[in-house]
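Number of protein chains: 2
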Amino acid sequence: MPITVEQVVDTALEIISAEGFEALSMRRVADALNTGPASLYAHVVNKTDLDELLIARLSSKIVLPKPDAANWREQIRDVCAQVRDLYLAYPGISGAAFAVAPTDLDTARLNEGMLAILLNGGVTAQAAAWGVDALLLYVAAYCLETSIVRRRVEEKDAVWVVGRDEMQRRLASLPAEEFPYTASHAVELTAGEGHDRFDFAVSLMIDGLTRR
Amino acid sequence: MPITVEQVVDTALEIISAEGFEALSMRRVADALNTGPASLYAHVVNKTDLDELLIARLSSKIVLPKPDAANWREQIRDVCAQVRDLYLAYPGISGAAFAVAPTDLDTARLNEGMLAILLNGGVTAQAAAWGVDALLLYVAAYCLETSIVRRRVEEKDAVWVVGRDEMQRRLASLPAEEFPYTASHAVELTAGEGHDRFDFAVSLMIDGLTRR
DNA sequence: GGCCGGGGACGAACAGTGTTCGGCCGACGA
DNA sequence: TCGTCGGCCGAACACTGTTCGTCCCCGGCC
Chain A
0 MPITVEQVVD TALEIISAEG FEALSMRRVA DALNTGPASL YAHVVNKTDL DELLIARLSS
60 KIVLPKPDAA NWREQIRDVC AQVRDLYLAY PGISGAAFAV APTDLDTARL NEGMLAILLN
120 GGVTAQAAAW GVDALLLYVA AYCLETSIVR RRVEEKDAVW VVGRDEMQRR LASLPAEEFP
180 YTASHAVELT AGEGHDRFDF AVSLMIDGLT RR
Chain B
0 MPITVEQVVD TALEIISAEG FEALSMRRVA DALNTGPASL YAHVVNKTDL DELLIARLSS
60 KIVLPKPDAA NWREQIRDVC AQVRDLYLAY PGISGAAFAV APTDLDTARL NEGMLAILLN
120 GGVTAQAAAW GVDALLLYVA AYCLETSIVR RRVEEKDAVW VVGRDEMQRR LASLPAEEFP
180 YTASHAVELT AGEGHDRFDF AVSLMIDGLT RR
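Protein chains in written order, with numbering that gives the first Met the number 0: chain A, 0 to 211; chain B, 0 to 211.
What you were told as hints is all true, and nothing was included just to trick you.
Covered, in the sense of this in silico footprint (three residues per stretch, anywhere, with C-beta under 8 angstroms from a C-beta of chain A), are these stretches of chain B:
#	segment
1	111 to 117
2	120 to 134
3	139 to 147
4	164 to 178
5	183 to 194
6	198 to 210
Derived by calculation from the structure, the hints in this document are not laboratory data.
Even for Gly, the Cβ is constructed at its ideal location relative to N, Cα and C.
The task is simple: from the sequences and hints, build the whole structure.
Structure, rendered in structure tokens:
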């Protein structure tokens with residue numbers, strides 16, 4: 000029963016999907032494949048290499064629209080949301096996205112697609128190039144953060160984790176001498192349902208790109 | 000010879016500064032303190048807890064300006080640059096910034112300072128609250144990425160790592176069928192000295208905040 | 001057909017990690 | 001003076017990524 004790289008990547012993704020990126024280990028993958036850890040190194044040079052393969056596989060699943068100059072904003076927003084949902088479906092995997100080398104073809108395809116949308120939208124070449132970079136970096140960061148928060152919420156029995164109203168109360172009761180703004184704007188600081196914060200930040204960058 | 004939390008944090012920061020965040024381990028800190036790893040757990044509940052203490056210590060070193068409505072843009076940019084340089088001085092530590100709980104007083108001080116600058120600049124309360132969040136998230140992401148890249152550059156004997164012109168050549172020689180934009184804009188994609196990419200992204204968000 | 005080489009599979013081991021247990025010992029309160 | 005409590009720490013447990021050496025099977029060559 001030969002092992003292929005695709006099998007390794009597939010079972011790795013299953014493990015991450017079920018138990019998170021922290022639970023992914025060579026032995027875990029090897030066990031799921033009914034073999035020892037050494038067998039994997041014939042198909043994968045490294046754990047880091049496996050991580051890159053995982054990001055590449057995910058990148059290949061993004062569907063890229065044909066650029067439409069009229070509503071390029073919605074198009075780029077949609078691609079960012081796709082990446083976001085894909086990352087969040089494999090909790091913690093976005094941590095591997097920071098280490099990905101631009102040498103990979105699948106991630107290059109994603110970059111090309113986003114670049115195409117921005118350029119067709121009338122964004123300057125330099126702004127488009129750096130804009131794609133900034134957007135992807137932010138998306139990865141947002142997903143990493145929310146993955147960590149979700150993990151903490153579900154495992155810590157809700158101890159040490161507080162709800163929004165409790166959080167508001169704590170912020171509001173900070174010493175007004177040192178924290179006047181934090182205390183008086185506790186509502187805004189804890190506001191936002193779902194991906195409101197994400198939408199805000201992405202829109203911030205997209206609107207900035209418009210005039211360049 | 001009693002051990003204090005400050006000592007633990009100090010030696011941890013020294014280790015990170017010299018060898019990077021990946022080299023930081025309980026045993027490493029314990030050895031530097033001439034003791035065993037178990038001794039640390041009397042002062043630090045967790046490795047994760049130590050990470051949070053490190054971020055808190057770094058946050059306390061940021062100098063916050065008195066808000067000046069006239070040039071709030073330069074002020075917020077300067078604070079972001081301070082955080083960036085501080086994170087980069089301890090390579091890889093920004094990875095711990097994603098897991099930091101907002102319950103800490105020192106990080107709350109940083110948030111308060113940035114919030115003060117934005118609010119005095121005339122930014123809407125909601126935009127200011129989410130703006131601080133987005134900026135700090137991006138800064139952490141940027142520092143994590145560049146830390147990883149720098150690490151790769153210095154350890155891999157420059158093999159597997161290519162210069163800018165070689166990178167341009169590779170991008171330009173991608174199949175024009177699938178990668179027309181990437182190939183024709185290889186120059187823009189590889190442009191940027193120092194922290195140009197950072198300045199661009201931060202300015203993008205700040206300019207976006209202006210109109211809200 | 002017989003032989004040999006090469007490469008995938010894999011058991012075992014190495015060095016390292018975070019964390020816990022149990023005992024030691026000194027200082028501080030009753 | 002005695003007791004208890006908490007910092008200290010050696011040893012161990014269950015992991016991690018990775019390598020070495022061996023086994024074995026399958027394909028090509030004489």
